[in-house]
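J.: One-letter residues, chain by chain:
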Amino acid sequence: MNHALQPDLHPDAESLNAFMEQALPAPERAEVLEHIAGCSRCRQIVYLAQEAVEEAEASVTIPPAPARAEPWYRKWSLHWQMAWVPAAAIAMVVAVAVVVHLRHLPGGGEVAKATLPAQIAEQPSIPEKPAPKALVQPSEPATEPKTAKKSPAPAMQASSLEQLSEKASPGTWASEAGAADSLRAEAPGAAGAAPEAPANVAAETPPEPAVAAWQEQRMQAEAAKSARSSQARLGTKMDEFETRREFAGKAATASRTVTKSASQEDFEPAPGRSPMYSAAVSTPRDLPAQPAAAKLPSGLAVVSSATVGRRTVALDAAGALYRKDSPTGKWEPVARQWTGRLVEVKAATAAGSTKAAEGERPEGAAAGRFEIANASGQGWVSQDGKTWVAR
Amino acid sequence: MTQERRQTGSLQLFFLKGVVAYRWGVGVTPIQSVGEGATSGMNAAPDTVHRVLLDQLWQQCDASGWGLSEAEFRSIVDNLAATENFGLPRNVGATVHQQGAWFAGLKLNEVVLARACAAGNERAWERFVALYEQPLQRAAIAISGNETVGRDLAGQLYAELYGLTEREGRRRSPLESYKGRGSLLGWLRTTLAQRHVDHFRATRREEPLAEYDAPATDPAPEPQAPELKRLGGAVEAALACQPADVRFLLASYYIDGHTLAEIARVTGVHEATVSRKLHRAVDGLRKLVVRNLEGTGLSRRAALEAMGIDPRDLDINLKRVLQNPRPGTFQEKAAL
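From first to last, the protein sequence lines are chains W and F.
If you use our numbering, the first sequence corresponds to residues 1 to 391, in order.
If you use our numbering, the second sequence corresponds to residues 1 to 336, in order.
Everything labelled a hint here was simulated from the structure, so no lab data went into it.
Treat the hints with care, as some may be off.
Here are a few chain F residues that face chain W, going by a calculated C-beta distance under 10 Å [claimed, not checked]: (1) N85; (2) F86; (3) L88; (4) P89; (5) E147; (6) V149; (7) L188; (8) R201; (9) T203; (10) R204; (11) A238; (12) P243.
Restraint ranges, calculated between C-beta atoms of paired labels, are given here [stated by the list, open to error]: (13) F:T148 - W:A88: 51 to 61 Å; (14) F:R301 - W:Q22: 38 to 48 Å; (15) W:A58 - F:L88: 16 to 26 Å.
All residues carry an ideal CB built from backbone N, CA and C; glycine is no exception.
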C-alpha cells in the first residue's frame, strides 16, 4: 500500500495535539515526527491547528489598561474648554464698559489710573481757588505735548491768572517755594494752619491789618526770585486769589490766599515717571472747574502769553496766535505774518529789555510791545499784537 | 532471622526511595499517604487507582464546582486508568508513584469534563458549552478561512461531540478519545483540522469535469543520461537517510511552503534555530549527494561538476521521496 497516496495509518488528534503542545514523551514524539515528516495530511492538520491557535491568540481582546487618572489641570481644561467663548464675551463687555466709563469721567481716563497725592486729595474745596499750576512750561511745549494737550484748562488758567495778577497787583508774585513758606509762616493766622505739614496746601485768610506787611514780605520774595530767574520757571508758584478778585473789581479787603507750599516734587512727576502721570497730576479732579474763558478759540491750551497794557497776546499749542484788547474781550486770531512755528510770545519794554511772558511782569507795560519767536529763533515784534514786523 | 532483617531493610529502602521519588515526581500526596501508598503500591492491583490518590485527585479537581459527584469522578478516573493502564503496557501493574506521575501529566480537569460530556452529563455539557463553544467556532472559522464554512464545520463537530452518532445502540462521542495529554481546546482544534482536511481532500476529487484540465499524456520517457540517473539516485538516497526532523523541516519548507516562523511554532523552537537547522540540513544534503556520487565511482571533481546540473533536468519526485512514512508507526484509532 502506498502510504503517500492512501495513508490509512495516522496519529490521532490526541497525539497530534500533544505533539504541538510539546506534551508527548520523547519516543512518542519521535514517532509522530517521523510520521508527519512524510505525511502531508498530518502536516496540514498540524499547521492548520497551529494557525487556529494563532488566530485565537490574536483575537483575545487585550484588557484595557487601567485608566490613568487624569491630572486635575487636564480635567479643568476639559471642563473649561467650551467656556472660553462666554468668558471672552464677558471680558470684552467689561472692557468696553470700563472704556466708556472712563471717557465719561470729567477729568479724562488718566485720572482714574493715577494716584493723586494725598495732599491734593485732602485739599479743602474752595470754589474760587484756582489750581496751582506750575507744570505747564510754555517755553518747552514740545517736551510735554501730552500734558499740554490733555490738560488745556489748567495751562490756560495758569497763564490767565498770571495776566490777572500782573494787571491787578503787580509785584505780588511769590513763585519761590521758600518764600511762600516764609510768607505763609509769617502771615497772621497762618502759623497754626499746617506747621508740621509743609506739603499741605493751606488756605489762609489774612486779616486786613496784616495785608500791608504781607505784601511787603512778598516784594522781598519777588526780589529773591528775580535773582534766581532760572528756577522761577520750574519752581512752585504762589497763586493769589486776591489779585483775581481785584481784577474782577471786587474790593480786596480780605484776601484769600492759596499757598502752595508743597515742594515741587509733590506736583511734578518724578524723573522716572511717565508723562501720563504728569498729565494726571496736572488735571486734578478735586480742583475747581476751569473757567470757560481760559480756552482759546482753537480749543488748545495756551502755550505762551504776554500782556502789554490791556492787550493780551496768547499762543496756543498749535502755534496759532490770538489777541484780545481787553481782559474781558474776546480772543481774535492773528493773521500769519511770520514763518515757522511760534513757540513763545513775550512782552518787551520800549527800552528793549525783554522779559519772558510767563512769570514776569514787564516793566513799563504801557510803552511795551509784543515779541514772538519761532522754533528757529527768528523774532517778530508788534505794538498792538495784530501787525507783526520782523525783528 | 538474618534473612528477615535483610527483607525489612530492603523494604525500608524501597519505602524511602518511593517517598523521595513520589515527592519529587508527583508531589501531590501527603507523606503519610505516600508511605501508605508506597507500601501498598507493590500490592496494588492493575488498573485500579489507589484510593488515597483518588481522594487527592478529587480534591484537586474542580469537577465538584460544576456539579460532578465524587462517585462519577471516581468512575471516570477508574475508567480512564483502566483504558490507558497509567501509560504502561498491558498486564503491568502500576505503583502509586507511577499512577501519581501519570495523573500529574494529564489535564485531569479537562479529561474528566470530556468524559462526563461523553457520558451524557448535562451539567458537564453546560460547562463545556460555556467554556468551548465560542473558541470552537472561532477555531473552525480560522481553519476553514471562511465564516460560513467554519460555522458549518463547528456545528458538525459539535453534533458529533454531543453524540448524535450511535453505534451498537449506544451513543458515541469523539470526546471519549480525548485522553488529556494535551489541552481539550487543542484537541478540539486538531479534530476540527482533521475534519476540514479530510473533507477538503474528499471533495477535491468531486470537482466538475468541465473545470478539470486533464494533463496531457506524458510523452514516452526519454532515456536519461547516465550522469542524471546517477545524480538522481544519489539525491534520493541522501534524502531517504535524513532524520525525521530534517525531513519534516525540508518538507514543510520546500514542499508545503510554510515559513520559518510557522515551522518554529509547530516544532516549539525559535525561528533562528529553524533557520540554522535548515541551512545545516541543505549543506549536509549537498555533501551527502557528493559523497553518494563519489560512491558510484565518480571522482570528486566529476561529482562536484555533477552538482552543477540544472535540477529541472533531474527526474526526482521529492514528494514521493520525502513523504514516504515508514509503515506501521501509527494506527488510526478510529473512535467512530
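J.: Against this structure, judge whether each hint is valid.
T.: Hints, one by one, checked against the model:
1. Because the beta carbon of N85 of chain F sits about 15 Å from the nearest beta carbon in chain W, more than 10 Å, this interface hint is broken.
2. Below 10 Å, beta-carbon pairs count as interface contacts, and F86 of chain F has none with chain W, the closest being about 13 Å; its hint is therefore violated.
3. The interface hint given for L88 of chain F is broken, as the beta carbon of that residue sits about 12 Å from the closest beta carbon of chain W, more than 10 Å.
4. Because the beta carbon of P89 of chain F sits about 13 Å from the nearest beta carbon in chain W, more than 10 Å, this interface hint is broken.
5. A hinted interface residue such as E147 of chain F counts as satisfied when its beta carbon comes closer than 10 Å to some beta carbon of chain W; here the least separation is about 12 Å, so the hint is violated.
6. The criterion of a C-beta within 10 Å of any C-beta in chain W is not met by V149 of chain F, whose closest approach is roughly 13 Å, and the hint is violated.
7. With a least beta-carbon distance of about 9 Å to chain W, the hint placing L188 of chain F at the interface is held under the 10 Å criterion.
8. Taking 10 Å as the C-beta cut-off, the interface hint given for R201 of chain F holds, the closest approach to chain W being about 7 Å.
9. With 10 Å as the threshold, the beta carbon of T203 of chain F stays out of range of chain W, its nearest partner Cβ sitting at about 14 Å, so the hint is violated.
10. A hinted interface residue such as R204 of chain F counts as satisfied when its beta carbon comes closer than 10 Å to some beta carbon of chain W; here the least separation is about 12 Å, so the hint is violated.
11. Annotation: interface hint on A238 of chain F violated; nearest CB of chain W at approximately 15 Å, more than 10 Å.
12. Look at P243 of chain F: its Cβ gets to within about 9 Å of chain W, closer than 10 Å, so that hint holds up.
13. Taken as a hint, the range 51 to 61 Å holds for the pair T148 of chain F and A88 of chain W, whose Cβ atoms sit roughly 59 Å apart.
14. For R301 of chain F and Q22 of chain W, the Cβ-Cβ distance of about 46 Å falls inside the hinted range of 38 to 48 Å, so the restraint holds.
15. The hint said 16 to 26 Å for the Cβ distance between A58 of chain W and L88 of chain F, and at roughly 40 Å that hint is violated.
Violation of the numbered hints given earlier is confined to hints 1, 2, 3, 4, 5, 6, 9, 10, 11, 15; the remaining hints are satisfied by the structure.
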